[in-house]
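**Q** Here's the letter readout for the chains.
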Amino acid sequence: MKQYLEYLGTITGNFVTTAGSLGLMLFKAVMYTFTPPIKFRNIFKQMEFVGVQSLFVVILTGTFTGMVLALQSYNALKRFGAESLVGPTVALSIARELGPVLAGLMVTGRAGSAMATELGTMRVTEQIDALYTMAVNPIKYLVVPRVLAGLLMFPLLTIVTDFVGFIGGYLVGVKLLGINQGVFIGRTIDFVQVSDIVAGLTKSLVFGLIAALVACYYGFYTTGGAEGVGKSATSSVVLASVLILISDYLMSSFMA
Amino acid sequence: MINIIDLKKSFGAKKILDGVNLTIEKGQITVILGRSGVGKSVLIKHIVGLLRPDSGKILFEDMELTAMKEHDFNEVLKRFGMLFQGAALFDSMTVAENVGFPLREHTDLSDADILKAVQEKLHRVGLVGIEDMMPAELSGGMKKRVGLARAIVMDPEIVLFDEPTTGQDPIMSDSVADLILETQRALKTTYVIISHDIALALKVADKIAMLHEGRIIAEGTSDEMRRTDNPMLRQFLDGKATGPIKIY
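Which chain is which? The protein sequence lines are A and B, in order.
The numbers in numbering that gives the first Met the number 0 rise by one with no breaks, and the one at position 29 of the first sequence is 28.
The numbers in numbering that gives the first Met the number 0 rise by one with no breaks, and the one at position 218 of the second sequence is 217.
No wet-lab data here; the hints were simulated from the structure.
These numbers were taken from a predicted model, which means no experiment stands behind them.
Just so you know, not all the hints are guaranteed correct.
Claimed, not checked - The calculated lysine-lysine pairs, modelled on DSS-like cross-linking and capped at a C-alpha distance of 25 Å, are:
(1) K14/B x K44/B
(2) K44/B x K139/A
(3) K139/A x K68/B
(4) K13/B x K245/B
(5) K7/B x K44/B
(6) K139/A x K77/B
(7) K77/B x K38/A
(8) K56/B x K13/B
(9) K68/B x K38/A
(10) K27/A x K68/B
(11) K68/B x K44/B
(12) K38/A x K115/B
(13) K1/A x K27/A
(14) K27/A x K77/B
(15) K68/B x K7/B
(16) K77/B x K25/B
(17) K174/A x K77/A
(18) K187/B x K245/B
(19) K44/B x K77/B
(20) K25/B x K7/B
(21) K27/A x K44/B
(22) K187/B x K115/B
As the list claims (entries may be wrong) - Simulated restraints on C-beta separations:
(23) L249/A x V127/B: 58 to 66 Å
(24) D131/B x Y248/A: 49 to 57 Å
(25) F10/B x E226/A: 19 to 27 Å
(26) Y3/A x K77/B: 26 to 34 Å
(27) F10/B x T17/A: 15 to 23 Å
(28) K44/A x D131/B: 16 to 24 Å
(29) K13/B x L23/A: 22 to 30 Å
(30) I245/A x S138/B: 42 to 50 Å
(31) K1/A x S138/B: 48 to 56 Å
(32) L49/B x G229/A: 18 to 26 Å
(33) K14/B x T16/A: 20 to 28 Å
The beta-carbon is built from N, C-alpha and C at its ideal position, and this holds for glycine as well.
All chains, please: the whole structure from these sequences, using the hints.
**A** Now the structure itself:
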């Protein structure tokens, strides 16, 4: 019993510490975002890393997700004679849910782990300490550009995912399964509203913040040499992914 | 120039610094000697503000470093340079970008002027034509030299060295010692070196202080240290496993 309580206490303590530290890092990041001088070069570099370099993986994920959605929804809807609803089913699923979540998870895996690894390596090789001693605030120099890049690029990547996902669904639905092109597009326009796309983009904004902040947090506070860097990368991807899924549910329930 | 007064620091139950008192004189090379793990790095990290003490203070001129706000402390840090044990060069930047980094961050110098300053400092540490190389392409000795060039690029008043010869062969260690002497004599800068390298300390130091069990147990010039009859310092200088300093 005592062991169980100790374990519970440790977990609770770790949770509170992590949540508090993440909140503090976010507060500092917001504060330093508006503290001049603003180094746009660093921000653009991170935007290129998070956004441009994630394009391929996001296009691949989005396309195949759209394709498989069309295939599965066609098989299901055919039973009710509602094949005409394949277009809106694909579009709504991707715009509201799968676009932001899949893009978020894929980019967290690719860019989030790389961020945690890079900052972790900088920590254990004293590069972050070196920044301090050169009177350069590491939160402003390292964390702010990454968080901003996450905030700006996740929605853009989600737009790409939405687009290629719909194209994938169109190709399977219209070209492979023979749904009428006019029906596929027309019904989609009938059912999908701008608010559906905005809801997805709002989610992606939050996912971008979560992924970048968690990656920076784990990287920034890495201890324990090379092994610690590996642990930081793993922990950051796991925690960010879990937080993305939990926040997705919460936001979905509010946006329903 | 720097006065460390009754500095104490513990990590959990482990006392690292237990009342360190030390004066670092302007324009001199002060070497803080001590065994590995004795708290030398912790001491130097207090000077540059990477750690805050549990009690005690560090005075730089008349300013109390240990009580300063971040903004004011950053202004003081611009007058410091630091060479880290592993040089701590930024992996993603070239040698020139590394050395010019403090100038880019804190001055309005043009790219051409920064490159000129970078080349001058690299030349001072004995490196020519490596501006476009990446840190991964450099040997350990070259990294230290580039790290020193970066530490002195802002013409600081104080340069701190964290174990400058660790991981170097004896010949390279002696070369680093020569480099420290040459640059210090040329720039008249205050150097603070933490090390367990006795040869380095005896060669370059104007003043040596020995840190043991959280306190400075002896200090003096190189000659005074050579003649010391302090049994702990004697054991350390002679490199003996037996004596008052226990191996743990």
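**Q** Hint by hint, note whether the structure agrees.
**A** Right, here's what the structure says about each hint:
This hinted pair checks out: K14/B and K44/B have alpha carbons roughly 16 Å apart, not beyond 25 Å. For the hint pairing K44/B with K139/A, the CA-to-CA distance comes to about 21 Å; that is within 25 Å, so the pair holds. Restraint check for K139/A and K68/B: the C-alpha separation of about 17 Å stays at or below 25 Å, so the hint holds. For a cut-off of 25 Å, the pair hint linking K13/B to K245/B stands: about 17 Å separates their Cα positions.
Restraint check for K7/B and K44/B: satisfied, since their Cα atoms lie roughly 13 Å apart, inside the 25 Å limit. Between the alpha carbons of K139/A and K77/B the distance comes to roughly 17 Å, so the proposed pair stays at or under 25 Å and holds. Between the alpha carbons of K77/B and K38/A the distance comes to roughly 19 Å, so the proposed pair stays at or under 25 Å and holds. A hinted pair counts as satisfied when its Cα atoms are at most 25 Å apart, and K56/B with K13/B qualifies at roughly 20 Å.
Proximity of K68/B to K38/A is assessed by CA-CA distance (about 23 Å); at most 25 Å being required, the pair is judged to hold. Straight-line distance between C-alpha atoms of K27/A and K68/B comes to about 15 Å, which keeps the hinted pair within the 25 Å bound. Our distance criterion of 25 Å between C-alpha atoms is met by K68/B and K44/B, whose separation comes to about 16 Å. Straight-line distance between C-alpha atoms of K38/A and K115/B comes to about 23 Å, which keeps the hinted pair within the 25 Å bound.
Distance restraint check for K1/A and K27/A: the Cα-Cα separation of roughly 38 Å exceeds the 25 Å cut-off, and the hinted pair is therefore not satisfied. Of the pairs offered as hints, the one joining K27/A and K77/B holds, with about 22 Å between alpha carbons and a cut-off of 25 Å not exceeded. For the hint linking K68/B to K7/B, the alpha-carbon distance of about 20 Å falls within 25 Å, and the restraint holds. Between K77/B and K25/B the alpha-carbon distance is near 17 Å, which keeps this suggested pair within the 25 Å criterion.
Between K174/A and K77/A the alpha-carbon distance is near 16 Å, which keeps this suggested pair within the 25 Å criterion. Between K187/B and K245/B, the direct Cα distance comes to roughly 39 Å. Violation of the 25 Å bound is thereby established for this hinted pair. Of the supplied pair hints, the one linking K44/B and K77/B holds, its CA atoms being roughly 16 Å apart against a limit of 25 Å. Of the pairs offered as hints, the one joining K25/B and K7/B holds, with about 24 Å between alpha carbons and a cut-off of 25 Å not exceeded.
For the given pair, K27/A sits about 22 Å from K44/B by alpha-carbon distance, which is consistent with the 25 Å threshold. Using a Cα cut-off of 25 Å, the hinted pair K187/B and K115/B holds, with the two alpha carbons roughly 21 Å apart. For the pair L249/A and V127/B, the beta carbons lie near 60 Å from each other, so the given range of 58 to 66 Å is met. Taking 49 to 57 Å as the suggested C-beta distance range, the pair D131/B and Y248/A conforms, at roughly 51 Å.
One distance hint, 19 to 27 Å for the beta-carbon pair F10/B and E226/A, holds here, with the actual separation near 20 Å. Separated by about 53 Å at the C-beta atoms, Y3/A and K77/B break the suggested range of 26 to 34 Å. The hinted range of 15 to 23 Å is satisfied by F10/B and T17/A, whose Cβ atoms lie roughly 21 Å apart. Range check, K44/A to D131/B: about 19 Å between beta-carbon atoms, so the 16 to 24 Å window is met.
Judged by the Cβ atoms, the range 22 to 30 Å given for K13/B and L23/A holds: they are separated by roughly 26 Å. Checked against the hint of 42 to 50 Å, the pair I245/A and S138/B passes, with Cβ atoms roughly 49 Å apart. A hinted range of 48 to 56 Å holds for the C-beta pair K1/A and S138/B, which are about 55 Å apart. The hinted window of 18 to 26 Å between L49/B and G229/A holds, with their beta carbons roughly 25 Å apart.
Separated by about 24 Å at the C-beta atoms, K14/B and T16/A satisfy the suggested range of 20 to 28 Å.
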